[in-house]
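Visitor: Take these sequences, add in the hints, and give me the full structure.
Keeping their order, the protein sequence lines are chains D and E. Under my numbering, the residue at position 176 of the first sequence is numbered 176, and the numbers go up by one with no gaps. Under my numbering, the residue at position 210 of the second sequence is numbered 210, and the numbers go up by one with no gaps.
None of these hints come from the bench; they were simulated from the model. Possibly wrong hints are sitting among the right ones.
Said to hold, decoys possible - Ranges of calculated distance between the beta carbons of each label pair, as one might list FRET restraints:
| id | chain 1 | residue 1 | chain 2 | residue 2 | range |
| --- | --- | --- | --- | --- | --- |
| 1 | D | Ser92 | E | Pro256 | 34 to 42 Å |
| 2 | E | Ala258 | D | Asn54 | 53 to 61 Å |
| 3 | E | Ile230 | D | Pro309 | 31 to 39 Å |
| 4 | E | Ile143 | D | Ala134 | 52 to 60 Å |
| 5 | E | Leu195 | D | Asn75 | 54 to 62 Å |
Please read all numbers here as calculations on a predicted model, not as lab measurements. Here a beta-carbon is modelled for each residue, glycine too, at the ideal position from N, C-alpha and C.
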Amino acid sequence: MTAYLARRVGQALIVIIGVSIAVFVLSRILPGGPRAILGARATPQQVHTFIVQNGLNKPLVVQYGVFLKLLLQGNLGYSYHYNQSVNSLLASDLPKSAILVGLSTLIALAIAVPLGIMQAVRRYTLLDYTLTGASFVGYSMPTFWLGTLLIAWFSIDLHIFPSEGPQSGGVAGIFTHPTAMVLPVATLVVVNVALFSRYMRSSAIESLVQDFIRTARSKGLSERAVITNHLLRNSLIPIVTLLGVSLPYIFSGALITESVFNYPGMGLLFWNAAQVKDYAVLIGGTLVVSVAAVLGSLAADLIYAAIDPRVRYR
Amino acid sequence: MSVLPGRAASWAEQPQEPGPPAEAGAGEGRRAGIGRLFLETFIQNRLAVLGVGIVVFFLLFCFVGPLIYHTDQISVNLEQVSLRPSASHLLGTDETGYDQLGRLMVAGRTSLEVGFAAAVVGTTWGALWGAVAGYFGKAIDSILMRAVDSLLAIPPIFLLLFLATAFTPSVVMLIFVVSLVSWLLPARLVRGETLSLRTREFVQAARGVGAKDRRILLRHILPNAIGPMIVAATFAVADAILLVAGLSFLGLGIPPPAANWGGMLSEGLTYIARGYWWLIYPPGLCIVLVVVAFNFIGDALRDALEVRLQRR
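Guide: What follows is the structure, encoded as structure tokens:
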């Protein structure tokens, strides 16, 4: 286990360094240079001062070193638009996104796992085809369309749920306005159920033909016991990996969902930053979500190794 | 949104479902047999046939449709804004007076063209990248594939939003930006295929007669990795159409006057409180149908390819 742990953590570190290089390159190919930050009316003098102050006249490798050093110190830069450090912007918005993503992923798993198992058990029936078709449609639907349709049906027509996410400040706002969470969470749940259930179905069908299922049946277990004790547990394992590698896509869906529902999380912050070309937030935000995705994937793999010893010896 | 990870994983771990019985064949007959088996497996998959049908329908709709259904898609007509569907405007008009059905045809062209172009550019680049990584192995492989891993870790919408902010959006720029995301999966798939291809006899034979690495890669490895490339490209079209739609909603899609389904949909959605259903459902349905169709085709191609691989 230790060797596996070391190897896997090492890989994650390399990928994080790779991400930092990619984001660094992105930040340097931005057109406009200092004028993009200082504005078109900056004097040549001011531009020169900015270049010297930020070390933009040094070789790229040195610039990357400075960039990395600031990152390691936990400094993500300064937003000239909000006149705040990117750290403090993220500190207030990131927890809200984490709650949105976490909650909807958990609910999606709770729906998709039994659904996928049921489809596998009753495969090639009308029910299976219907659900498969529905999941195809679910993940082929633009997230923003789905979100807006939910608003049209449940807020405009039926007046059941508010059309906006919780607006009051802080994480506490989420708990004081639980109804405002329903539609944003529901949007992400639909998208993720579509993704997970299809995979769960394949995984369960694969398990169903294994010898241990036949053994369980032949020793006289009820079909219910076979499914819950043998099939479910074994089909769950690949889902952990899927969850790990899906994080970048789940975060992407969350960004769009937050924009639809004006949910004040990290995705909305990022989108607003894109509107005003606030590059510090774009750079910091991209780094943070990517590193979160890498760490999430690492956590998934370690959980996988903990529950399935076979992985460690590969 | 996108389901690339599920696909990447299920590529390797698809359950083996019983295919058609393998025919006995040898020598010359075997190659034709494999080709026919591939085609049979594909056609047996009704969803795939449905998918091809939908794609053909939309190609005709977008490229031949305007020749039959004449509408003015150039000048704005502010006297006929947001009209309900009627005999003169089968799907009504939009907020600037364009005929909605005609607009769907014109917009679909852009969506399909960007989707196809991004898929072709992304798959070509990805295949080259993956083949080089797999063929040379060792340090080159590690460096190239860690780059792929790193880019895969960046959530695609964040990356695209970043790039779309930095560069003035245009159709060409959008194709370029979307292919920056869509080359990653083909790179992984082709690398995997190359790892097994490079040990095969014909590659060793080519090397034995003194072929250069470049020639082996371009003439022997890549043509034999065409299967995974086509599958990856099919999925890439679907993903590109969805990504462009998402970007349009975020305000960074294809700029007017060019229309695309995602742009039409997000403009239509601003009228949702007024119940202009003809601006909201048709463009969304077009996107869903085309994306579903490409996913059906991709799944079937992958399954058919696996049958072919099993017979090797």
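Visitor: Can you tell me whether the CB distance of Ser92(D) to Pro256(E) sits inside 34 to 42 Å?
Guide: holds, 35 Å
Visitor: Could you check the hint for me, namely that Ile230(E) and Pro309(D) are 31 to 39 Å apart, CB to CB?
Guide: holds, 38 Å
Visitor: Mind checking the hinted window 54 to 62 Å against the Cβ distance between Leu195(E) and Asn75(D)?
Guide: violated, 41 Å
Visitor: Does the Cβ distance between Ile143(E) and Ala134(D) fall inside 52 to 60 Å?
Guide: Violated, since Ile143(E) and Ala134(D) (Cβ atoms, about 42 Å apart) do not stay within the stated range.
Visitor: Is 53 to 61 Å respected by the C-beta to C-beta distance linking Ala258(E) and Asn54(D)?
Guide: violated, 38 Å
Of the hints listed earlier, those the structure fails to meet are numbers 2, 4, 5, in rising order.
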